[in-house]
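Chain residues, written in single-letter form:
Number of protein chains: 2
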Amino acid sequence: MFDLSKIDKLFVLMNENRLDGVVVGPSNTLEFMTGFNPVGCERFQALFITCDGRYFYICNLIYAEDMRRWFPDNAPFYVWNDGQGFHETLKAAVADFGLARKRIALGETIRAVDLMDMEGLFSCEFVNGVSLLEELRIIKTEADLDKMRAAARLADGVMEDLTRFIRPGMTEKEIKVKIEDLFMAKGADGLSFSPIVACGANNSRPHYREDAGIVAPKDVLLLDFGCRCQGFCSDISRTFFIGGISEEEKDIYTLAREAQAAAVAAAKEGVRCCDVDRAARDRIEQSGMGDYFLNRTGHGIGFDVHEAPYISGNNERCLERGMAFSIEPGICIPGRVGMRVEDIVAVNHRGETEVLNQFTRDILIIK
Amino acid sequence: MFDLSKIDKLFVLMNENRLDGVVVGPSNTLEFMTGFNPVGCERFQALFITCDGRYFYICNLIYAEDMRRWFPDNAPFYVWNDGQGFHETLKAAVADFGLARKRIALGETIRAVDLMDMEGLFSCEFVNGVSLLEELRIIKTEADLDKMRAAARLADGVMEDLTRFIRPGMTEKEIKVKIEDLFMAKGADGLSFSPIVACGANNSRPHYREDAGIVAPKDVLLLDFGCRCQGFCSDISRTFFIGGISEEEKDIYTLAREAQAAAVAAAKEGVRCCDVDRAARDRIEQSGMGDYFLNRTGHGIGFDVHEAPYISGNNERCLERGMAFSIEPGICIPGRVGMRVEDIVAVNHRGETEVLNQFTRDILIIK
Numbered sequence: 001m002f003d004l005s006k007i008d009k010l011f012v013l014m015n016e017n018r019l020d021g022v023v024v025g026p027s028n029t030l031e032f033m034t035g036f037n038p039v040g041c042e043r044f045q046a047l048f049i050t051c052d053g054r055y056f057y058i059c060n061l062i063y064a065e066d067m068r069r070w071f072p073d074n075a076p077f078y079v080w081n082d083g084q085g086f087h088e089t090l091k092a093a094v095a096d097f098g099l100a101r102k103r104i105a106l107g108e109t110i111r112a113v114d115l116m117d118m119e120g121l122f123s124c125e126f127v128n129g130v131s132l133l134e135e136l137r138i139i140k141t142e143a144d145l146d147k148m149r150a151a152a153r154l155a156d157g158v159m160e161d162l163t164r165f166i167r168p169g170m171t172e173k174e175i176k177v178k179i180e181d182l183f184m185a186k187g188a189d190g191l192s193f194s195p196i197v198a199c200g201a202n203n204s205r206p207h208y209r210e211d212a213g214i215v216a217p218k219d220v221l222l223l224d225f226g227c228r229c230q231g232f233c234s235d236i237s238r239t240f241f242i243g244g245i246s247e248e249e250k251d252i253y254t255l256a257r258e259a260q261a262a263a264v265a266a267a268k269e270g271v272r273c274c275d276v277d278r279a280a281r282d283r284i285e286q287s288g289m290g291d292y293f294l295n296r297t298g299h300g301i302g303f304d305v306h307e308a309p310y311i312s313g314n315n316e317r318c319l320e321r322g323m324a325f326s327i328e329p330g331i332c333i334p335g336r337v338g339m340r341v342e343d344i345v346a347v348n349h350r351g352e353t354e355v356l357n358q359f360t361r362d363i364l365i366i367k
Numbered sequence: 001m002f003d004l005s006k007i008d009k010l011f012v013l014m015n016e017n018r019l020d021g022v023v024v025g026p027s028n029t030l031e032f033m034t035g036f037n038p039v040g041c042e043r044f045q046a047l048f049i050t051c052d053g054r055y056f057y058i059c060n061l062i063y064a065e066d067m068r069r070w071f072p073d074n075a076p077f078y079v080w081n082d083g084q085g086f087h088e089t090l091k092a093a094v095a096d097f098g099l100a101r102k103r104i105a106l107g108e109t110i111r112a113v114d115l116m117d118m119e120g121l122f123s124c125e126f127v128n129g130v131s132l133l134e135e136l137r138i139i140k141t142e143a144d145l146d147k148m149r150a151a152a153r154l155a156d157g158v159m160e161d162l163t164r165f166i167r168p169g170m171t172e173k174e175i176k177v178k179i180e181d182l183f184m185a186k187g188a189d190g191l192s193f194s195p196i197v198a199c200g201a202n203n204s205r206p207h208y209r210e211d212a213g214i215v216a217p218k219d220v221l222l223l224d225f226g227c228r229c230q231g232f233c234s235d236i237s238r239t240f241f242i243g244g245i246s247e248e249e250k251d252i253y254t255l256a257r258e259a260q261a262a263a264v265a266a267a268k269e270g271v272r273c274c275d276v277d278r279a280a281r282d283r284i285e286q287s288g289m290g291d292y293f294l295n296r297t298g299h300g301i302g303f304d305v306h307e308a309p310y311i312s313g314n315n316e317r318c319l320e321r322g323m324a325f326s327i328e329p330g331i332c333i334p335g336r337v338g339m340r341v342e343d344i345v346a347v348n349h350r351g352e353t354e355v356l357n358q359f360t361r362d363i364l365i366i367k
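Taken in order, these protein sequences are the chains called A and B.
Quick note on this note's numbering: the first sequence kicks off at 1 and runs consecutively.
Quick note on this note's numbering: the second sequence kicks off at 1 and runs consecutively.
These are computed hints drawn from the structure, not numbers from a lab.
The structure presented is a predicted model; accordingly, all values stated were derived computationally and were not measured.
Where hints are given, some of them may not hold.
Said to hold, decoys possible - Simulated pairs of lysine to aspartate or glutamate, DMTMM-like, Cα-Cα distance not exceeding 25 Å:
{"no.": "1", "chain 1": "A", "residue 1": "268", "chain 2": "A", "residue 2": "258"}
{"no.": "2", "chain 1": "B", "residue 1": "186", "chain 2": "B", "residue 2": "146"}
{"no.": "3", "chain 1": "B", "residue 1": "186", "chain 2": "A", "residue 2": "42"}
{"no.": "4", "chain 1": "A", "residue 1": "268", "chain 2": "A", "residue 2": "146"}
{"no.": "5", "chain 1": "B", "residue 1": "173", "chain 2": "A", "residue 2": "146"}
{"no.": "6", "chain 1": "A", "residue 1": "102", "chain 2": "B", "residue 2": "119"}
{"no.": "7", "chain 1": "B", "residue 1": "178", "chain 2": "A", "residue 2": "174"}
To be verified - Using C-beta positions, here's what the derived DEER-type ranges look like:
{"no.": "8", "chain 1": "A", "residue 1": "131", "chain 2": "B", "residue 2": "351", "range": "30 to 36 Å"}
{"no.": "9", "chain 1": "B", "residue 1": "194", "chain 2": "A", "residue 2": "77", "range": "43 to 49 Å"}
{"no.": "10", "chain 1": "B", "residue 1": "314", "chain 2": "A", "residue 2": "72", "range": "30 to 36 Å"}
As the list claims (entries may be wrong) - Footprint (simulated), chain B over chain A, 3 or more residues, beta carbon under 8 Å:
{"no.": "11", "segment": "32-43"}
{"no.": "12", "segment": "112-119"}
{"no.": "13", "segment": "224-230"}
{"no.": "14", "segment": "344-356"}
Glycine residues also receive a C-beta, built at the ideal position from the N, C-alpha and C atoms.
With the hints as constraints, model all of the structure from the sequences given.
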């Protein structure tokens, strides 16, 4: 049920940013606010919130019954039908709530084509609301962190089980299916993203999404996965070595691991995100491998698997108590090999940097 | 591999619509054009095509290796990294291709927040490109229709198998899992959307997405699912009756079925989509149930499960040879019951209206 008290901070932020309205489409952000994340389609639907705490929901008639279940009985609903389209209904709603010609922030899932339609319907100043909406959940409570600790323990457990499951000859797909089965058996609510299982040279592509590769002796196997548990996400990466490890592989892995440790060590309360990124980047650049470090050092995590704070070179935000994020510098040599070690790290409410994942970072050879 | 000859029609349409460029993000539309549909994240990536047949792809460094596999060796790539963001890279690309201050159409998956960033970077006139891009595939060849016939046969077969599988006491989730298993066993490439399995009063919500309901005696069970097969989608809905049917249920079902038959009979080459919708709507309104017909009569289908032509009251487009679409008028009484019969219909290249699904539309009682 929609409870505005959960998003008190929104009205403070809207005031600070001189915003009259915020628009949130189906997304984890909407779920965070309302408890519900509808699976939409091309039909426009969104929650509109005004700076004085009023709101309305607009959706197609086919979603009206679903959405009314998640809002108080007297919540204002605007329902449009397929035969007319959403334009006139939205125009009336925006007029009723005094939002025409006002300054309105949009969430991450509103489509550009719908924005263009809105620009044609009423003269508002639209602005990017992503950072503002992420701000609502950038600080986790200790209770939230407990849920993230639990989600991290499940991910550690799945990684442990995989060391006994994975054998040469398996396909990446078999391992993906096993990851989901293991998470569900351990009580996860679902996956936080589709697992990445990349053997051979596939792991030089950081977000490799295929699954036909067959694990072969001497392969490097990269695993990157997580679950959702009581509303909070986990995310872990490890690199396994099948049947042995070469000297070159050992050097690359040691470098990835040292860069990860350097960033974790740098990630303290009050330190800027870009300086945490710099700590990992410095270590990799010193060894001449800087060109193969493709990604940011990490991303915030919580209700969403990617959210603020982003641990990247252009983010000057300082770490605060209650922030949680991944630390995952990687080395990717195109067409050859990719390795990374990823843990979720939080600055807890005692001001300590706490690594939520406990699974070993030692070289792990699968027999 | 990206093959511009597949999208010759695009350049004609761009010329007719005075467009200098088109931007397509990860989507089935991109897959239709390039063969590849990357699973993206919040990082901006898109294909830009100019009216003179040039193009470039822009993506984050972490996706560069994945994307280069799908483009010719000399294809222009613009790659940005997390530490800098995409703005400067995109600005340079747009300048290189002479697109600044030009008229550019956007595809359906470009985000509003990225459009707002683009508006700040270069003064272009952006327009909604959804209809234009759907136009590229609105006419199926006979070879395409053969693939759709095959996909429809798989859906018919799964429906047939379910009549023997479904029993009272099963959860909606068990039936959903079975649907996927059956499709995969029959050789489908995947599902065209997450199946809808709705028993009890859940079926009054046309896009019901939950799965905890338990099939009980006397229930009405609505099933709506499809697969993807050689790149083309199927989509079928049927309503089953568990252990028996009441007189009222029989009346509602008969009405849904007659409305569906009326729309199929109306769907002939040269007839406007809105008139096909009207045929179904007239039948339901005549019986006083018009308020319970919530959705449009149907949607185009092909490479995507929802695409042009939409069979709705506001679409004056005439049906042509090679168009394929669903016909699925429904009766939904909120909180009580929902029923529909859905088939995929094509106007084939002999000019005949062909119903691709063959599964029975008779009253079907599950013992």
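Do the hints match the structure? See the list:
1. 268(A) / 258(A): The given pair, whose Cα atoms are some 17 Å apart, holds under the 25 Å limit.
2. 186(B) / 146(B): 17 Å, holds
3. 186(B) / 42(A): 29 Å, violated
4. 268(A) / 146(A): Given that 25 Å is the threshold and the Cα spacing comes to 19 Å, the pair holds.
5. 173(B) / 146(A): The hint is violated at about 30 Å.
6. 102(A) / 119(B): 18 Å, holds
7. 178(B) / 174(A): Answer holds: residue 178(B) to residue 174(A) is near 19 Å, not above 25 Å.
8. 131(A) / 351(B): 30 to 36 Å: 55 Å, violated
9. 194(B) / 77(A): 43 to 49 Å: 25 Å, violated
10. 314(B) / 72(A): 30 to 36 Å: This hint holds: roughly 32 Å between Cβ atoms.
11. 32-43: Check passed, 4 qualifying residues.
12. 112-119: Contact hint for the segment 112-119 of chain A vs chain B: holds, 6 residues under 8 Å.
13. 224-230: Result for this restraint: violated, n = 0.
14. 344-356: n = 0 at 8 Å, threshold three: violated.
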